[in-house]
Amino acid sequence: MEEAPERLEIRQRFPSWREMLKPVKKFEEGRVSYLSLPKQVNSEFFKMPFGDVERDLDDLKLPENWKEIFLDAMKDTLEKNRAFKVFMDICVRCGACADKCHYYIGTGDPKNMPVGRAELIRSVYRRYFTPAGKIFGELAGARELTEDVLKELYYYAYQCSLCRRCSVFCPYGIDTAEIVWWLRRMLSRVGLNQRFMTISIEASSRTGNHLGLLPGGMYGSIQQGLEELKDITGFDLHTYINKKGADVLFVAPSADYFATPHWYVMLGYLLLFNELEERYGLTITWSTYAGEGGNFGSFHSYEAAQLLNSKLYKEAERLGVSFIIGGECGHMWRDKHQFINTMNQPPKNEEWKRFWENPDLGELAEGLRGIRFDSYASGEHGWIHILEFVAALIEHKKIKVDKSRNDQWIATYHDPCNIARGMGLIEEPRYVLRNVMNNFYDMPEHTIKDKTYCCGAGGGLLADELMDLRMRGVMPRMMAVRHVYKKYGVNILLTPCAIDKAQFPHALEYWKIPVEVGGPMEMVGNALVLTAFGEKPEDRQYDLRGEPLKKEEGE
Amino acid sequence: MIGVIFGVIVPYIAVAIFVAGVIYRIINWASSAVPLKVPTTGGQQKSFPFIKRTIYDRFDSPYTKWETAGRMLLEIFFFRSLLKNTRYYLDRTSQKDARWLWLFGIMFHYSLLLVLIRHSRFFLEPVPSFVETLSNIEAFKGVFIPSVYISGLVIVVALFLLWLRRIFLSRERTLSLPSDHFVLILLLAITISGNIMRYFIKADLYEVKELLTNLMIFNIGKAIEVANNIEPIFYIHFGLACFLLAYFPFSKLMHAGGVLFTPTRNMPNDNRARRHVNPWDPADVPLLSKGITVAGMTFKSKKLDWDTYHEMYADQLEEIEEADFKIVPEEL
Ligand code: SF4
Ligand code: SF4
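Note that the protein sequences, when read in sequence, are chains A and B. If you count the first sequence from 1, you need to add 7 to reach the working numbering. If you count the second sequence from 1, you need to add 4 to reach the working numbering.
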């Protein structure tokens, strides 16, 4: 793993507007993404234009008529996406978004201001698509598309985590994330793709998940979870996989099968599913084919996102489930909330249709009657977030929880960008946390909810080679964590996002904040009393991390 | 001569460019597709009944078209996003509110509105009573003689403040293109010349009104006649305003129309209730599996449908089948 510098210096620069139009030639170490290799983008399952050559930034090996291709792609984008076109035209460069980007705050690089980032491509747009730019050139803020400009576009397109924080503050809602998203698609048309994300995209389109796990691997991993749970709870638990006729399909991000601290969340899911089946008869199945909730394609382009999420509804239909529950993952919910049912046809199986005519859980399991989804969802979509689901179970008193089992934790909650700003899931997780634990404190208001700071590694930037950028980008979030750590003694940072769970442990260590990382479902798992198995609140001796629950006297 | 050029020819050209330009831009935006429903959600989504949504949540994460309209109106009339503005200080953990931009913006746009309403007296006969009333109120009629219109002065101050931001704040200076300075200078020139005309070098306003009403009914002969009688100071103000009008559709000033077109704000957050259809993607087969064509070459990705998948991993999938799709802990 590459290391971020010992001493991190933030040098703010304020060049002239002319200088801003000149492409940056020297790229900082730790902020440039590697380009994809042919095995990622020229694979049978993920074939991108001109993906057959190995390139690096010194030698882009562009196709001969790359400029034409790029500009064609831009024209295509302008026609295909109104947002892109409007955003190219109406920015007034007021600067309201400038210091809202965590990468700008962390690097001080003026081209990392959201508007600076957008101007990189906007200047090219002016030159080739507006009369003023064609006539007045540089004076109108326009510039030629050269190879250096292309490199620069690549460099900064992959210093944006698509977090949309800038969009909240912009008077016109200009979403730099969206501009960057379409820019990445244009770049991929001339053969420039980022390696880190395409590794996962290729794996997912070939095997069904980002990690490239084969069916047996996923099976074995979940099995190991059940074994650990046997040690922790003493009960023989089970779960289903690829099971036709189950009531619900459950989809988690694949990191939950392996990584830590994701793993404890995985255990939380399994406990909940067992309790629901034993007590109410609600059956929930996993799927190896639809084994990936995340969607790295959604960092790359419309088409790549669609290639990956097209499997999920198909699998729901094949298995004949009634609806889908999705696990703890941030960008998954940008994809599953805003993209999936536009990019695909929702399932058409009988069970699905019947359930959504009267979407009351009582139709599937009598004991759960009263929990209805129709206040906000329909069969045209059919996805429920696991924390919404748990919130409803708690509100309707369908599960029993013992808060005191989480007493060793003093928690704070990080809103993942995508579920806060791309979905609006804000209160449900807090509702759940307040009900499963006694000590929960929010971070300062300007760093949470719709104003939440990114973990600094979203949007495909969790790559090792970007360590410098990541540690800088996470700084605002870390400062907020440090604030609650000092004020309330917070000792765990909870987040329902797989990328956060991978990024935060490094970040907390780097910023020297002694706080653990976990997910809300881990806390739910700890607190959940398996009444159907005859468990009493005081029976549980260990938490999901395998630590003894009762503190010794006098400690 | 000046009268004919700046009093008759220029305004006709300017208005023609303005109207055609704005219509073109709007049609141009509207003709571009909206592939996805991607509102930026700034508040709690519509959820289970027990999850409470405040009034802010309703506007920031709208579910119905009324809430969405409310969000847009608040944005247009109160610049709500700018009102949320904070400033980040590297050396502090807290943030200070920084709503100066909001204040200057509101000052400018509302004075502009008042000024425009006041100017309607030059086009309308009889002058609508609300225009009279409004002018009287803002001028505190009777307090000063001649009446001083507050909006006319505030607009100049606001423009200066907005410009000073771009000159003295380092971030804003870096971001400002020549065109950004240019529109501010142009607006300043127009407003200042207007004020000069009002308070110092007076032009005959009856003649001006005569000219404008004749232009409006295309009574060109009469217009030319009147135009030649008006003092030159008027043509400075008027000529610049015409220039602004013609420049409008090609500049960032189009944000006035664009604010209605941004999909992050004008769509409801109801993706899970109502499906959005992408006009250029029928969503039957993934586009990449159909193949994308670039520079005459088609690049096609194989689709991993269930049958392909089953074939590729048959042995492992069959083992799962043998276990009856159930996972239990292994006996140790
Ligand atoms: S806040 Fe919006 S209009 Fe202002 S500079 Fe940023 S993107 Fe442009
Ligand atoms: S989307 Fe996030 S990372 Fe990208 S420019 Fe905006 S604030 Fe920065």
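Please note: incorrect hints may appear among the correct ones.
Stated by the list, open to error - Think about it this way: if two alpha-carbon atoms lie no more than 16 angstroms apart in a straight line, the pair counts; the simulated EDC-like pairs of lysine to aspartate or glutamate are: (1) 88/B with 452/A; (2) 307/B with 63/A; (3) 304/B with 35/A; (4) 33/A with 155/A; (5) 158/A with 35/A; (6) 306/B with 310/A; (7) 46/A with 63/A.
In case anyone wonders, no lab produced these hints; they're calculated from the structure.
Exercise. Regarding the pair residue 307/B and residue 63/A, is the alpha-carbon distance no greater than 16 angstroms?
Worked result: 29 angstroms, violated
Exercise. When you check the alpha-carbon spacing of residue 306/B and residue 310/A, does it fall within 16 angstroms?
Worked result: Distance of about 13 angstroms is within 16 angstroms: holds.
Exercise. Taking 16 angstroms as the top limit, are the C-alpha atoms of residue 33/A and residue 155/A close enough?
Worked result: Given pair residue 33/A, residue 155/A holds - Cα atoms ~10 angstroms apart, limit 16 angstroms.
Exercise. Within a Cα-Cα threshold of 16 angstroms, do residue 46/A and residue 63/A meet the stated pairing?
Worked result: 15 angstroms, holds
Exercise. Is residue 88/B within 16 angstroms of residue 452/A, Cα to Cα?
Worked result: 12 angstroms, holds
Problem set entry | Straight-line alpha-carbon gap residue 304/B to residue 35/A, limit 16 angstroms | Roughly 35 angstroms separates the two Cα atoms, so the pair is violated.
Exercise. Between residue 158/A and residue 35/A, is the straight-line Cα distance small enough, at 16 angstroms or below?
Worked result: 13 angstroms, holds
Checked against the numbered hints above, the structure violates hints 2 and 3; every other hint is satisfied.
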